[in-house]
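There are 2 protein chains.
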Amino acid sequence: MIKVAIVGTGTVSKHLQQEFAATQVVEVTAVLQSRDETRSDSLKELEANKQDKRADMYIIAVSDDAIAKVSEQFSNTEKLVVHTSGSVAMHVLPTGIRRGVFYPLQTFSKDRAVDFQAVPICVEAENKEDLVLLKRLGAAVSQTVYEISSEQRKSLHLGAVFVNNFTNHMYQIGHGICEQNDVPFDILKPLIKETSAKIDSLEPLKAQTGPAKRGDEKTIENQLGQLTNVTHKEVYRILTKSIKETYGKEL
Amino acid sequence: MIKVAIVGTGTVSKHLQQEFAATQVVEVTAVLQSRDETRSDSLKELEANKQDKRADMYIIAVSDDAIAKVSEQFSNTEKLVVHTSGSVAMHVLPTGIRRGVFYPLQTFSKDRAVDFQAVPICVEAENKEDLVLLKRLGAAVSQTVYEISSEQRKSLHLGAVFVNNFTNHMYQIGHGICEQNDVPFDILKPLIKETSAKIDSLEPLKAQTGPAKRGDEKTIENQLGQLTNVTHKEVYRILTKSIKETYGKEL
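Chains as they are written, first to last, in the numbering used here: chain P, 764 to 1014; chain U, 764 to 1014.
A few of these clues could be false.
[Claimed, not checked] With a straight-line Cα cutoff of 16 Å, these simulated EDC-like cross-link-like pairs (lysine to aspartate or glutamate) come out:
| id | chain 1 | residue 1 | chain 2 | residue 2 |
| --- | --- | --- | --- | --- |
| 1 | P | K1007 | U | D963 |
| 2 | P | K956 | U | E966 |
| 3 | U | K766 | U | D874 |
| 4 | U | K981 | P | D963 |
| 5 | U | K873 | P | D874 |
| 6 | P | K1004 | U | E997 |
| 7 | U | K996 | P | E997 |
| 8 | P | K1004 | P | E984 |
| 9 | U | K961 | P | E841 |
| 10 | U | K952 | P | D828 |
| 11 | U | K976 | P | D827 |
| 12 | P | K777 | P | E841 |
| 13 | P | K961 | U | D827 |
| 14 | P | K956 | U | D878 |
| 15 | U | K961 | P | E910 |
| 16 | P | K917 | U | D819 |
| 17 | P | K969 | U | D874 |
| 18 | P | K961 | U | E997 |
| 19 | P | K952 | U | D874 |
| 20 | U | K873 | P | E957 |
| 21 | U | K952 | P | D963 |
| 22 | P | K961 | U | E984 |
| 23 | U | K956 | P | E1008 |
| 24 | P | K917 | U | D878 |
| 25 | U | K956 | P | E984 |
| 26 | P | K976 | P | D963 |
| 27 | U | K956 | P | E957 |
| 28 | P | K816 | P | E841 |
| 29 | U | K816 | U | E841 |
| 30 | U | K956 | P | D878 |
| 31 | P | K952 | U | E997 |
| 32 | P | K961 | U | E957 |
| 33 | U | K969 | P | E841 |
| 34 | P | K996 | U | E997 |
| 35 | P | K917 | U | E841 |
| 36 | U | K981 | P | D893 |
| 37 | U | K996 | P | E1008 |
| 38 | P | K1007 | P | E980 |
Simulated from the structure, these hints should not be mistaken for lab results.
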């Protein structure tokens, strides 16, 4: 049995609690509150609870900015201490202790179930035994566990901003255009699904279509004229430019 | 039986031929070649074939730019003439004839099968009987048929550029970042799937996450520093600005 204490009570913490509870090999010995790391009562509670001797490791699942501060509480522990962030380096955790990262690469929403078995877990640790432990922990809840350095994780997180955050913004602009012109956004949903399904069989470089790829200036000019939001016009322009550059078109 | 002659031999034509052939209610009476509308032999062939009296309608499935030119060949027909484009208005077809549009809103690739039943068909026609005919034709191959005006179709097509073409470019930038930093793009695929699956339960405005949404300037600056491609930096900047504006953040 791997015994973990989870620090934090946000969305990632809740998903981890739930997933670990459903396994036969992981036990959550404690969930330590540290929602607001500036509140002294919350820190005191953390102080008391971290004496919990049962846990093999502490999983710090708090917001990126709070990781350094919250983890200071664990600067004397002999247990493994990991955080769950995509963008924070491992060395932000206190020096001199056993450090690691347990990063589930997925977008978690409060109200939406996630198939955790399909979520890639990126693990990192300073020593070999801890890496083995984190791989076992990952394998208990997911089919794919990757050993990823802090440097690689930073790149993955940047990639994730493009394929997730920025893509969702594309959906949002599309949604707005539909609303403004009184057509149901539902009509675009099968296209959205097909665009993402395609990545399994066709790499994005080969899947590109559309006026920018074709260099179809007439359509580009017409569509720029259709857009009423100045920033969305800029978005259209720079993405068109970026696609053209990708395919070596003259600008 | 609805009898159609299809003009053009590209990807959309091939998909339509295949889908119509699989139904019990549509017969493709002819496929007329017009791949290069400037070649006189191709036009002559078209001229000869368009005398085909069996078809109830001509479906002009050629590139956007060629629609006007190719459809001139049908300026004297008594049959219904439709094109299949998202961005071309119905009135581009010759005046004085029965005109319409049969636009399957999906991204078609040569080498990839598409579940046509899930593809929304947007139809438009000048007279009521033709609209009924196009709706029947659509229902023969798809579960969803929408009556959409030329103006609305233009908006849908613009929306499609954002949710499909630009989204695929986001995947492509993400793919490049992974390659450059020696991490497998596969790690991002479950995230891509979840981002698109979310639109069924959560509208994009509510699904937005990430540094731009949070106004997390530290991460934004770090990530801009990570990008080596100048145009991709611009893309990151303008999309961050656009997301901030959407959520009313100070710039």
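Against the structure, the hints come out as follows:
no.	hint	result
1	P:K1007 - U:D963	violated, 32 Å
2	P:K956 - U:E966	holds, 15 Å
3	U:K766 - U:D874	violated, 27 Å
4	U:K981 - P:D963	violated, 34 Å
5	U:K873 - P:D874	violated, 38 Å
6	P:K1004 - U:E997	holds, 10 Å
7	U:K996 - P:E997	holds, 14 Å
8	P:K1004 - P:E984	holds, 13 Å
9	U:K961 - P:E841	violated, 41 Å
10	U:K952 - P:D828	violated, 27 Å
11	U:K976 - P:D827	holds, 15 Å
12	P:K777 - P:E841	violated, 25 Å
13	P:K961 - U:D827	violated, 24 Å
14	P:K956 - U:D878	holds, 11 Å
15	U:K961 - P:E910	violated, 28 Å
16	P:K917 - U:D819	violated, 59 Å
17	P:K969 - U:D874	holds, 11 Å
18	P:K961 - U:E997	violated, 26 Å
19	P:K952 - U:D874	violated, 22 Å
20	U:K873 - P:E957	holds, 14 Å
21	U:K952 - P:D963	holds, 8 Å
22	P:K961 - U:E984	violated, 32 Å
23	U:K956 - P:E1008	violated, 27 Å
24	P:K917 - U:D878	violated, 37 Å
25	U:K956 - P:E984	violated, 32 Å
26	P:K976 - P:D963	violated, 21 Å
27	U:K956 - P:E957	holds, 10 Å
28	P:K816 - P:E841	holds, 10 Å
29	U:K816 - U:E841	holds, 10 Å
30	U:K956 - P:D878	holds, 11 Å
31	P:K952 - U:E997	violated, 28 Å
32	P:K961 - U:E957	holds, 14 Å
33	U:K969 - P:E841	violated, 42 Å
34	P:K996 - U:E997	holds, 14 Å
35	P:K917 - U:E841	violated, 63 Å
36	U:K981 - P:D893	violated, 30 Å
37	U:K996 - P:E1008	holds, 13 Å
38	P:K1007 - P:E980	holds, 11 Å
Of the hints listed earlier, those the structure fails to meet are numbers 1, 3, 4, 5, 9, 10, 12, 13, 15, 16, 18, 19, 22, 23, 24, 25, 26, 31, 33, 35 and 36, in rising order.
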